[in-house]
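Sequence order for the protein chains is A and B.
Using the working numbering, the first residue of the first sequence is number 67, and each one after it goes up by one.
Using the working numbering, the first residue of the second sequence is number -15, and each one after it goes up by one.
There could be a bad hint or two in this list.
[To be verified] Chain B residues, not near chain A, derived (Cβ > 10 Å throughout):
#1 Asp(-8)
#2 Gln(-6)
#3 Leu30
#4 Glu48
#5 His59
#6 Tyr85
#7 Gly90
[Said to hold, decoys possible] Simulated crosslink set (EDC-like; lysine to aspartate or glutamate; CA at most 16 Å straight-line):
#8 Lys91(B) <-> Glu72(B)
#9 Lys86(B) <-> Glu77(A)
#10 Lys86(B) <-> Asp129(A)
The set of hints was computed from the structure by calculation and includes no laboratory data.
Glycine residues also receive a C-beta, built at the ideal position from the N, C-alpha and C atoms.
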Amino acid sequence: DAGVIQSPRHEVTEMGQEVTLRCKPISGHNSLFWYRQTMMRGLELLIYFNNNVPIDDSGMPEDRFSAKMPNASFSTLKIQPSEPRDSAVYFCASSLYGAGEGKLFFGSGTQLSVL
Amino acid sequence: AQSVTQLDSQVPVFEEAPVELRCNYSSSVSVYLFWYVQYPNQGLQLLLKYLSGSTLVKGINGFEAEFNKSQTSFHLRKPSVHISDTAEYFCAVSDSGGSNYKLTFGKGTLLTVNP
Chain A
67 DAGVIQSPRH EVTEMGQEVT LRCKPISGHN SLFWYRQTMM RGLELLIYFN NNVPIDDSGM
127 PEDRFSAKMP NASFSTLKIQ PSEPRDSAVY FCASSLYGAG EGKLFFGSGT QLSVL
Chain B
-15 AQSVTQLDSQ VPVFEEAPVE LRCNYSSSVS VYLFWYVQYP NQGLQLLLKY LSGSTLVKGI
45 NGFEAEFNKS QTSFHLRKPS VHISDTAEYF CAVSDSGGSN YKLTFGKGTL LTVNP
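One chain only, chain B, in its complex shape (with noise of 0.2 Å):
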């Protein structure tokens, strides 16, 4: 089984600062990790996903993400932020195998985009 911590419940910050979002997650296999964007009144929009290859990911609206296999993390980050970032953000995992269609999804992070 898998599990998400996102660190953070809230992050305000003002706009055009550089921001983070930190996630690290707990699995016994190898691991899809995936960010997810929720903006006010609607469903979810994936981010970013890493399935292999770099671990540095590139994902819509400027985002980016590392992940870290020795420290378990997958933290989100974006240089500049807008108003417009002002959403909550998952991070989610899935394993790599079989059952990669359950995807584990964390509490959620706030982003508050201050002008």
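If we strip away everything but chain A, and leave its shape as in the complex, we get (with noise of 0.2 Å):
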């Protein structure tokens, strides 16, 4: 298995542009969740699907995010407008019937500057 992919691996852009990070999940897990890693605040949990419905976004910083998954293949996250502050490393997880075992497999994340 080709594990979790995300896209981009690093992107850079402008404040007030619109950002969409992608992400597809190991094939037959249930449960995708969108994390962002930052030195202060550290890795937080931003969103949580189950069988793509989302079940907790309690952590979504804002109305600027937002995040879909259509199907159980692929979710998206995306930022509009973008902000300096935006600035981190987005990882997307995936794992089989939730995360209450811990196993979580973490792609290799998407490094964002926004300038």
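Both chains are sitting in their own frames, so use the hints and assemble them into the complex.
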């Protein structure tokens, strides 16, 4: 299995632009997570999908952030408009049967820089 | 709500020396505990986990951790480290009940193994 695939690996954009991050989870996994990693706040859960349905989006910072999972093999995280404080590494992770046993498989992340 | 404190942000050690990375947590409910490792430019990988049973858990690459409920700790140990163990290590906690999908991560400990 190729693992969790995220694209792009790096994204540099200007403030006010729309940014779309993409994730392909491991085939057969029914849970998908988006995390954000910063030096100040560490790893934060943004949103959790189970069977393509958003279960918990309480970590989404504000309305500028949105996430979708149109099918079991694809998810997007969109930021519109982007701001410099959104600069971070964004990770997608997938798992079988939620994260109750902690076995999340992480992608390599998208390094986002908003200038 | 849970929280995780990793007491050391950086731990430098020499090759073949023992190492202990410290983790304390707080929670009002029963928990599951995890250690993840992040190699440079990669996503996180599960190293080991405690769900129940024996308080000493063994993981990959010769690492082990001990759950101490009275001290609310879950320290990670390895008796002899290798250069290849250089990475960032994250302790994480989730509650063992209905919202166990939500992993709360510590800020991480950067382990640097020097020759």
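Now the hints, each set against the structure:
Distance check for aspartate -8(B) against chain A: the nearest CB is about 14 Å away, which clears 10 Å, and the non-interface claim stands. The Cβ of glutamine -6(B) lies farther than 10 Å from every Cβ of chain A, with a closest approach of about 13 Å, so its non-interface assignment holds. Annotated as non-interface, leucine 30(B) brings its C-beta within 10 Å of a C-beta of chain A; the closest such distance is 6 Å. Under the 10 Å C-beta cut-off, the non-interface status given to glutamate 48(B) relative to chain A holds; the minimum distance is some 16 Å.
No Cβ of chain A approaches the Cβ of histidine 59(B) within 10 Å, the least distance being about 17 Å, so the stated non-interface status holds. Distance check on tyrosine 85(B): its Cβ comes as close as 4 Å (rounded) to a Cβ of chain A, failing to clear the 10 Å threshold; non-interface status is violated. With a least beta-carbon separation of about 7 Å from chain A, glycine 90(B) fails to lie farther than 10 Å from that chain, contradicting its non-interface assignment. Pair hint lysine 91(B) plus glutamate 72(B) holds up; C-alpha atoms about 10 Å apart against a cutoff of 16 Å.
A C-alpha spacing of about 27 Å is found between lysine 86(B) and glutamate 77(A), which places the hinted pair above 16 Å, so the restraint is violated. Restraint check for lysine 86(B) and aspartate 129(A): the C-alpha separation of about 21 Å exceeds 16 Å, so the hint is violated.
When each numbered hint is compared with the structure, violations occur for hints 3, 6, 7, 9 and 10.
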